[in-house]
Each structure stands twice: as C-alpha cells, then as structure tokens.
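Asker: Numbering follows UniProt numbering, with no gaps: position 241 of the sequence shown is 241.
Hints listed in this document are in silico derivations from the structure and should not be mistaken for laboratory results. Here the structure is a predicted model, which is why all the values come from computation and not from measurement. Heads up, some of the hints might be wrong.
Listed next, with one range per pair, are the computed distances between beta-carbon atoms [said to hold, decoys possible]:
id	residue 1	residue 2	range
1	16	72	58 to 68 Å
2	134	33	42 to 52 Å
3	250	73	43 to 53 Å
4	260	23	17 to 27 Å
5	40	66	17 to 27 Å
6	82	25	46 to 56 Å
7	88	10	32 to 42 Å
8	10	260	46 to 56 Å
9	77	193	22 to 32 Å
10	254	72	20 to 30 Å
11	127	230	17 to 27 Å
12	73	22	26 to 36 Å
13	9	67	36 to 46 Å
Below 30 Å or equal to it, Euclidean Cα-Cα: the simulated BS3-like pairs (lysine-lysine) are [to be verified]:
id	residue 1	residue 2
14	143	132
15	191	89
16	18	35
17	8	89
18	191	8
19	89	143
20	143	35
21	18	8
22	86	143
23	124	226
24	125	72
25	80	8
26	191	35
Ideal Cβ positions, reconstructed from N, Cα and C, are used throughout, including at glycine.
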Amino acid sequence: MLNRADIKRDVLHFSNGKMIIREDTIVTEFPVTIKINGQEFVTMVCTPEYVEDMVIGYLASEGIIRKYEDIKEIWIQEDKGFVHVKTDKPNPYYEQFQNKRYITSCCGGSRQGFVFVNDALTAKKVNDIHVKVSPEDCFRLMKNMQESAVTFQQTGGVHNAALCDRNELLLSRMDIGRHNALDKIYGYCLKNDISITDKILVFSGRISSEILLKVAKIGCEIVLSKSAPTELALTLAEELGITTVGFIRNQSFNVYTGAERMMMESES
C-alpha cells in the first residue's frame, strides 16, 4: 500500500443549530505514474490500495498488454509514486493510441458515438449468454455490495464495484475513481486466472459510456447499478450485447438493455 485509504481529521460540524468540533474520516488520494520499460506512460490519481492490480487491469483494458503473462516484472517505488512495468510484448501502437479519438457508427445507424481508438480495439462484443439474473439476484447482490462498502459508509468519498456470481459477491474493490475500482477487479482476476465470462459486475455509480466500455473490456455480460445510465452508455451496451440494469433500489429497477438475461423467479 502506498498510503492509507482514509485518515482522521477534525472538522467543524453544524447540526441542529449548533457548531461542534468532531473527528471525521476522510478518504485519501494518491498520484501514481506508470512507467513502461523506463518510459513514463500515464499518471493516475487513485485510492492507494491494490495499486498493482489496478495497473495490471488498466494496461490490459487499454490494450497495452494482452495478458498478465506479458508483464515480466512489476514493482512499486513508493517514495516517488512510480509503478514500474517491464514487458517485452507491449502493443507496438500504444503510444499512438493515447488521446486519439475513433469515430464509429453505433448499431449501424446514423447516430455516431466517439471513443478512444484503443476502446474500439479492446471492447469485447458479447455474442452468447453465459449468465442470467433474477430480480431477487439483483436486489440481493446490490444489498451485499452496499453492506460491504465500509469506506464509503465512513467517508462517502469512494465508488464501489464488486464481481459476483448469481449467489454471492466474490470480490469487491473501491476507489475515488470509478474506472479504477473496475481495473482493480480486472487486474486481480488476470493475475489469479479467474474466469469472468460467467460473472456479474455490481457498481455503485452512474453507468457512463466510460464505465460501460470498461465492463466490455473486462468481458462481463451484466452490469448492475443503483444509479442511472447515460444515453451513450446504452447505445454502446446495445452494440456490444451487454445487459444494463439501473436504479436498483426500494425493490424496483430498470432493465435498459439485454433483457434476454433477465429471468423471473419461476425460471430460476
């Protein structure tokens, strides 16, 4: 760990017409610079837990590496905030990918969405159904993720994500960055050879196009969220074959795309 994920701090708190000094828990953030074969590649601001997993997941989802075995060595230089990665199999075009846009016609229609060029190359289109969920699964998994989100309960300052099967949470991660939390999950799975194709991602925040593309790169078919999706995220979800379920709260939810993966209790 590069630093603590949270700290204690005295704050001036106002409540019921009174000001008092009390101790509060504040989430921390830390800049991390990834160096690939000695060259600075990108700087990320993150919550300083599971940083190595985050870097592995980020490099794989961005197409810089194709699998965990492409990394020959990885170590963290804590005093400088560097994560050093050695690989003899980097994608030869990765430096050109950064910050270049790729225009694509979504779903074959006239509406165009834009993503980074490496998104177009690494997002995985889902053609099969490996997992389904029932309404009860959605409520239970969301409740389990929220109950496990201890740092959020203490600070309110992080996003949470969990990898699940139909029955339970298998792995949960948090970060100040929504995408970082997903990269931490992806990196752990790559490092430990955990299959993702039949798993479900449960997410605390809005399903933006960035998050939907990250889900596609990881290879999950279903994403569950307590919040709303964006229009571009749903357009991409339809194109990529991903099931999106949002506003899971108070025993209700919306299925926006991929309804073929939803089943009623009689089918479960």
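Asker: Now tell me, hint by hint, if it's right for this structure.
Answerer: Verification of the hints:
The hinted window of 58 to 68 Å between residue 16 and residue 72 holds, with their beta carbons roughly 59 Å apart. Distance hint check: the CB atoms of residue 134 and residue 33 are about 44 Å apart, consistent with the given range 42 to 52 Å. Between residue 250 and residue 73, the C-beta spacing of about 49 Å keeps the proposed range 43 to 53 Å intact. The beta-carbon spacing between residue 260 and residue 23, approximately 50 Å, falls outside the hinted interval of 17 to 27 Å.
A hinted range of 17 to 27 Å holds for the C-beta pair residue 40 and residue 66, which are about 22 Å apart. Distance hint check: the CB atoms of residue 82 and residue 25 are about 28 Å apart, inconsistent with the given range 46 to 56 Å. A C-beta distance of roughly 51 Å is found between residue 88 and residue 10, which places it outside the suggested range of 32 to 42 Å. A hinted range of 46 to 56 Å for the beta carbons of residue 10 and residue 260 is consistent with their spacing of about 53 Å.
For the pair residue 77 and residue 193, the beta carbons lie near 27 Å from each other, so the given range of 22 to 32 Å is met. Range check, residue 254 to residue 72: Cβ separation about 45 Å, and the 20 to 30 Å hint is violated. For the pair residue 127 and residue 230, the supplied restraint of 17 to 27 Å holds, since their beta-carbon distance comes to about 24 Å. Distance hint for residue 73 and residue 22: a CB-CB separation of about 46 Å, inconsistent with the stated range 26 to 36 Å.
Restraint check, residue 9 to residue 67: a C-beta distance of roughly 42 Å satisfies the suggested window 36 to 46 Å. Taking the CA atoms of residue 143 and residue 132, the gap is about 18 Å. The hint holds against a cut of 30 Å. Restraint check for residue 191 and residue 89: satisfied, since their Cα atoms lie roughly 17 Å apart, inside the 30 Å limit. Proposed proximity of residue 18 and residue 35 is contradicted: the alpha carbons are some 50 Å apart, above 30 Å.
The suggested pairing of residue 8 with residue 89 is violated, with an alpha-carbon distance near 43 Å, which exceeds 30 Å. Annotation: proposed proximity of residue 191 to residue 8 is violated, straight-line Cα distance about 33 Å (limit 30 Å). Straight-line distance between C-alpha atoms of residue 89 and residue 143 comes to about 41 Å, which puts the hinted pair past the 30 Å bound. For the proposed pair residue 143 and residue 35, the alpha carbon gap of about 38 Å is over 30 Å, so the pair is violated.
A distance of roughly 22 Å separates the Cα atoms of residue 18 and residue 8; the hinted pair therefore holds under the 30 Å criterion. Straight-line distance between C-alpha atoms of residue 86 and residue 143 comes to about 40 Å, which puts the hinted pair past the 30 Å bound. Taken as a hint, the residue 124 and residue 226 pair is honoured in the structure, with Cα atoms around 24 Å apart against an allowance of 30 Å. A distance of roughly 29 Å separates the Cα atoms of residue 125 and residue 72; the hinted pair therefore holds under the 30 Å criterion.
Of the supplied pair hints, the one linking residue 80 and residue 8 holds, its CA atoms being roughly 24 Å apart against a limit of 30 Å. In summary, the hint linking residue 191 to residue 35 is supported, as the alpha carbons are separated by about 19 Å, within the 30 Å threshold.
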